[in-house]
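**Student:** Read off the chains here:
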Amino acid sequence: METTPEIALALLAQMKRIRMVEEAIADRYPEGRMRCPTHLSIGQEAPAAVLGSLLRMDDLVVSSHRAHAHYLAKGGSLRALIAELYGKETGCSRGRGGSMHLVDIDAGFMGSTAIVANSIPVGAGLGLALRMRHSENIACIFLGDGAVEEGVFYETANFAVLRRLPVVFICENNGYSVYSPLSVRQPENRELSSLAAAIGLRSGCVDSVDVLALHAQVAERMRAAREECLPAFIEIKTFRWREHCGPNHDDDLGYRDARLVDYWHAHDPLRLLQERLLDERCITSVGLATMERGIRDEIEDAFRFAEDSPFPDPDTLAEGVYRADDSVGIPWVGN
Amino acid sequence: METTPEIALALLAQMKRIRMVEEAIADRYPEGRMRCPTHLSIGQEAPAAVLGSLLRMDDLVVSSHRAHAHYLAKGGSLRALIAELYGKETGCSRGRGGSMHLVDIDAGFMGSTAIVANSIPVGAGLGLALRMRHSENIACIFLGDGAVEEGVFYETANFAVLRRLPVVFICENNGYSVYSPLSVRQPENRELSSLAAAIGLRSGCVDSVDVLALHAQVAERMRAAREECLPAFIEIKTFRWREHCGPNHDDDLGYRDARLVDYWHAHDPLRLLQERLLDERCITSVGLATMERGIRDEIEDAFRFAEDSPFPDPDTLAEGVYRADDSVGIPWVGN
Amino acid sequence: MGRELNFCEAVNEALATAMTVDPDVICFGLGVGDPKNIFGTTLGLKERFGPDRVFDMPTSENAMTGIAVGASLLGLRPVMVHQRTDFFLLALDQLVNNAAKWHYMFGGGRAAGITIRLITGQGWGQGPTHSQNLHAWFAHIPGLKVVMPTNPYDAKGLLLASIFDPNPVVFIEHRWLHGSRAQVPDSPYRIPFGQAKELLAGQDLTIVATSYLTLEAWHAARFLRDQGISVSVIDLRSIKPLDRETIFRSVQTTGRLLVLDSAHLTGSVAGEIIALVASNLFAGLKQAPERMTFPDAPSPASPALTRNYYPRAPDIAAKVGEMLGRDVNPGALAAQCKFPHDVPGDWFNGPF
Amino acid sequence: MGRELNFCEAVNEALATAMTVDPDVICFGLGVGDPKNIFGTTLGLKERFGPDRVFDMPTSENAMTGIAVGASLLGLRPVMVHQRTDFFLLALDQLVNNAAKWHYMFGGGRAAGITIRLITGQGWGQGPTHSQNLHAWFAHIPGLKVVMPTNPYDAKGLLLASIFDPNPVVFIEHRWLHGSRAQVPDSPYRIPFGQAKELLAGQDLTIVATSYLTLEAWHAARFLRDQGISVSVIDLRSIKPLDRETIFRSVQTTGRLLVLDSAHLTGSVAGEIIALVASNLFAGLKQAPERMTFPDAPSPASPALTRNYYPRAPDIAAKVGEMLGRDVNPGALAAQCKFPHDVPGDWFNGPF
Ligand SMILES: Cc1ncc(C[n+]2csc(CCOP(=O)(O)OP(=O)(O)O)c2C)c(N)n1
Ligand SMILES: Cc1ncc(C[n+]2csc(CCOP(=O)(O)OP(=O)(O)O)c2C)c(N)n1
Ligand SMILES: [Mg+2]
Ligand SMILES: [Mg+2]
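Keeping their order, the protein sequence lines are chains A, B, C and D.
With numbering that gives the first Met the number 0, letter number 257 in the first sequence gets 256, and the count goes up by one each step, no holes.
With numbering that gives the first Met the number 0, letter number 77 in the second sequence gets 76, and the count goes up by one each step, no holes.
With numbering that gives the first Met the number 0, letter number 13 in the third sequence gets 12, and the count goes up by one each step, no holes.
With numbering that gives the first Met the number 0, letter number 338 in the fourth sequence gets 337, and the count goes up by one each step, no holes.
Take these hints with a grain of salt, some might be off.
No farther apart than 27 angstroms at their CA atoms in a straight line, the calculated lysine-lysine pairs in the DSS-like style are these [claimed, not checked]:
1. D:Lys285 to D:Lys196
2. C:Lys285 to D:Lys285
3. D:Lys35 to A:Lys236
Treat the hints as calculated values from the structure; they're not laboratory data.
I would like the entire structure built from these sequences, with the hints used as guidance.
**Tutor:** See the structure below:
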């Protein structure tokens with residue numbers, strides 16, 4: 000698929016939207032009314048935006064603790080996201096899950112979970128069901144470089160290859176698991192994509208600095224995965240700007256090489272894309288301002304919605320543990 | 000290391016011993032006095048014998064459910080093995096563990112366990128301790144082709160490479176997990192050793208039909224592993240002759256291609272080695288008969304020992320759950 | 000119409016029925032479709048329903064459980080099986096962090112409608128890692144249902160109820176029950192969870208049991224009856240949900256409670272039941288409620304040690320006698336047993 | 000000589016002491032040696048004892064637990080830490096099938112002398128997968144010891160006892176205790192397991208608690224004392240081994256028992272304790288023993304829902320009042336709390 004100007008603009012808009020949402024969350028987090036652990040995607044907007052533009056509405060997604068971007072890019076409701084952070088009944092998980100447990104079934108966002116790697120097999124299970132139903136959709140599994148260390152990633156990949164499941168693993172390699180660099184977790188010189196290839200996945204590694212190149216490369220791989228119906232693994236090099244969990248910057252802690260931080264600040268994929276689209280006159284500065292205003296309004300609306308929404312009724316605390324429906328006609332017998 | 004005639008003879012003796020022990024167990028199992036699930040190694044003697052000859056007395060071994068051969072080749076007591084199968088107090092695990100839980104600390108056989116793959120990290124932990132103590136020994140981890148499917152194998156291999164642990168994974172690939180062929184468990188054309196290599200292990204695959212070639216190749220890899228102090232993975236192609244668990248043949252069930260079974264019967268590593276050593280006059284038929292008699296006597300003695308040994312005292316059933324020693328001088332305080 | 004089936008045949012029939020009724024039912028596990036077909040319980044399914052719906056799997060318990068969860072979110076009804084409960088320890092992240100919580104933590108949308116069949120080992124030296132019982136663990140987790148059938152009739156009805164329940168169900172089959180036989184209707188039926196069955200109604204003492212221990216309790220109760228002791232035997236059938244009412248009703252009559260549980264004493268479901276009765280029915284109790292369980296020690300392999308590990312009918316009878324202050328001569332009951340203590344009967348001759 | 004330390008400092012001191020005393024002590028876990036150093040508990044250790052003994056690890060909980068087991072077989076004393084109990088669900092095969100059984104199933108040779116520090120989350124929207132409490136599970140497994148310290152003094156003494164215990168010990172730290180302060184001797188000492196501490200001795204009712212709930216119980220008891228209700232508060236400190244004697248002795252005096260437990264009701268340790276008392280001390284009970292626990296529902300993220308999820312001092316006071324038939328006005332106690340219900344105090348301001 001060619002990356003048309005329309006697509007480029009849509010990518011810009013989505014990335015901007017994600018960034019501005021995350022920044023708004025960060026700004027307001029210290030008020031202490033979004034009371035749940037929150038992992039922001041600032042700096043990592045590109046993979047989400049690209050996948051969001053390539054996945055179909057009825058393709059499916061699962062993700063991890065750092066899921067705001069994936070949820071939004073897949074079409075999840077912004078209002079429901081912010082309300083979830085506020086612990087409101089109108090939240091996407093009715094306040095039960097918080098930032099780490101997002102869902103929007105209508106948008107095909109099937110759930111994000113907070114135990115590292117444990118949504119990976121869930122994504123493959125979606126793939127199994129899609130395959131059984133002869134669907135043309137695919138299931139997209141977002142994971143981090145840390146998640147690759149869990150055995151369940153490997154087990155899932157093995158099964159996906161064995162049964163040729165229509166799944167794509169999107170591994171956002173931001174080089175860190177919390178404060179831990181890859182060097183304390185994985186052997187030097189490991190290529191995650193070679194590892195995935197050895198398990199049998201169609202694999203490749205792409206950089207997220209150039210968003211349009213990223214889009215083109217991921218598009219090609221997604222097309223192949225869809226057409227050949229073979230599971231794929233795409234490693235995307237990216238960088239998290241803020242602290243692992245919470246609204247702050249944490250580079251004062253010195254856990255990341257200053258040059259690395261500087262490099263990514265100088266190569267912010269969002270800014271580079273924006274400059275390029277301005278340069279190439281795909282968008283004017285007026286158009287950009289309009290875009291930003293639109294996003295700001297949407298964000299304002301979402302926060303207002305969240306703040307105005309009611310909290311869950313405390314008396315419903317223990318409800319909803321079990322689902323009640325009974326859809327089959329097999330008769331019940333008594334004692 | 001060159002495979003000298005002495006070594007060749009020792010390999011023959013060890014393989015013969017393992018085969019004859021296993022056959023004796025199989026013969027007597029129907030008596031119903033060895034009352035525990037028992038996984039025989041008939042057909043798979045070569046890897047155990049080769050490793051037994053290459054490991055030093057103070058190298059360490061862990062293994063799985065199918066561990067008789069590994070235990071014996073490492074120097075584990077035959078008497079204690081048979082007594083364990085009989086559930087006797089003189090068994091290597093005092094009757095608590097049965098065939099699936101063997102141990103002989105003096106021989107460096109640190110334990111075999113019956114949950115697929117769960118002794119793998121234990122072996123790596125031994126390696127970690129050896130490394131911390133600047134020992135020149137290595138820890139050898141026996142596993143099957145099924146165990147490779149557990150995530151813990153992958154997690155362990157990653158850590159072993161990361162920390163350069165002195166461990167060698169010996170993967171006996173007999174093509175089956177119980178009745179399940181590799182084809183229902185792993186992708187076609189997978190090379191286990193390439194997979195291991197992608198994780199970062201020094202890897203190779205060798206065949207066990209020619210025992211002397213196997214010995215030479217494994218010796219070379221073990222030497223490298225020891226000298227470079229890098230963890231290694233050696234896949235050894237082998238074949239199990241009897242049923243997965245229990246004393247019988249089960250090829251009437253038709254789960255294995257008859258040609259495969261025929262091939263391995265025609266290429267019994269033990270018989271081929273024996274014929275070759277006779278051919279090459281490394282041993283005479285008289286020498287062979289003496290060897291067999293010696294083994295038979297040892298086996299007779301072990302069964303007699305087991306049968307004559309007392310059962311554990313039923314009153315000790317709940318004892319030994321916790322270990323009692325207290326070896327540090329930090330004072331205890333009361334309330 | 001009914002016929003006599005054994006437990007494995009009843010499970011097999013439930014699976015076949017479920018797969019016929021609903022094309023969304025799938026069935027997998029290590030050994031599904033192999034020549035032994037999980038002690039015969041999955042016999043013929045692959046042939047009838049095809050390898051897409053019935054399949055063997057890699058030795059990857061954790062991922063495969065997550066895959067079941069994922070598949071269920073799109074409406075499939077996966078039935079996974081493990082030949083021993085012990086193997087399932089690898090999959091508890093998926094069971095507890097995902098399956099059990101999915102419905103609740105995402106605010107009530109989808110649920111993980113999976114069924115996990117776990118087979119419990121006992122006897123013939125299964126030893127410490129092939130005969131564990133973890134139903135107390137499962138019962139502790141909100142969002143799970145835990146079913147422990149005792150006979151072929153219940154096995155069929157409870158398994159069908161499990162498969163079509165929209166929530167995750169842990170379905171525990173005791174290996175020693177696999178050979179038991181009973182009349183089983185050939186038409187499909189479901190038995191609701193949370194309905195215990197009072198097998199015998201008595202006046203002197205209530206025995207609460209599950210799964211295989213129900214049989215031992217029944218033998219003990221029949222033996223005691225001949226000595227003029229009238230014991231209630233309640234088979235819980237599911238422990239989550241738990242049928243408190245039936246337990247309470249019986250204890251209200253007898254005032255005496257003995258709970259049997261095939262698990263380690265500390266933290267057992269037996270303890271939970273005693274706590275419930277002590278807290279809710281204190282005034283109705285005539286004496287201290289008691290329990291018989293496995294000891295707080297791993298299950299040893301040697302038959303010399305398992306003899307006293309598992310409570311059997313004579314032990315139960317003796318315990319009831321002790322609680323009632325009656326001499327009951329359990330030796331007479333023990334003498335009736337015609338096969339070694341570490342097998343359930345003639346049909347089982349090791350090793351699994 | 001003692002000084003005031005907080006809980007994290009006490010844990011840190013215990014670790015440093017252990018590593019100084021014994022070169023075989025090693026310490027690892029996700030985040031060990033990073034700038035936050037597990038809420039400061041592993042601060043400075045890597046620098047002092049080197050990266051061979053103190054290290055971060057891959058996100059591979061299961062293998063790393065097995066690696067600890069293996070290392071312990073050669074005499075190392077690994078101390079592993081998880082920032083949340085929930086993450087440890089991945090490692091239960093190693094804990095239960097290997098660590099807990101090693102000594103027994105190999106006939107009494109080596110043992111898995113490992114210490115697993117688990118930190119329990121609460122408040123600030125930790126939600127369903129970051130605030131689980133599984134001590135009932137661990138207590139159910141023979142071969143494990145389970146320790147739940149309440150204050151810095153006990154944390155140091157019990158952690159040193161854990162590290163030098165030759166058996167696997169699960170050491171549970173409630174995150175809300177990390178900020179608590181107390182006098183801690185600077186010399187090394189060990190507190191034996193299975194010795195509960197009676198914090199208050201009373202006549203009317205016995206409260207049994209562990210870990211963070213002990214603090215809530217203590218506040219409730221002090222409040223009740225002013226109203227003329229005299230309550231015993233027992234801090235178990237370890238739940239396996241369990242100090243039955245101290246519980247029994249107190250209940251023998253008061254005749255009334257309330258057990259608090261930071262876990263789901265069904266299958267809780269609270270139930271186990273009630274069962275023990277009901278079975279062994281039936282005649283000594285004046286009324287039905289009761290328990291207060293979390294509900295049988297996952298822990299929700301929203302602060303609106305957690306308010307009623309966790310039993311707090313006013314709830315405990317109210318419950319005691321109810322059991323004694325006394326009006327105790329718990330509202331007055333609730334009014335004393337000066338910070339939001341979902342943080343332990345001013346020192347905690349989210350997110351973890
Ligand atoms: C099983 C488990 N272990 C540890 C954690 C704590 N934890 C939360 S996020 C995280 C980092 C994961 O790193 P990565 O997968 O690279 O994702 P990133 O945060 O970089 O996006 C860790 C270790 C967890 N949630 N689950
Ligand atoms: C976790 C776990 N899953 C399943 C089993 C049942 N099981 C016992 S041995 C075995 C086969 C393992 O195959 P492999 O590793 O190739 O060893 P082999 O029997 O061929 O020597 C299986 C699946 C088990 N013991 N543990
Ligand atoms: Mg990362
Ligand atoms: Mg095999």
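**Student:** Hints first: check each against the structure and report whether it holds.
**Tutor:** Taking the hints in turn, this is what the structure says about them:
1. D:Lys285 to D:Lys196: holds (23 angstroms)
2. C:Lys285 to D:Lys285: holds (14 angstroms)
3. D:Lys35 to A:Lys236: holds (25 angstroms)
In summary, the structure agrees with every hint in the numbered list given earlier.
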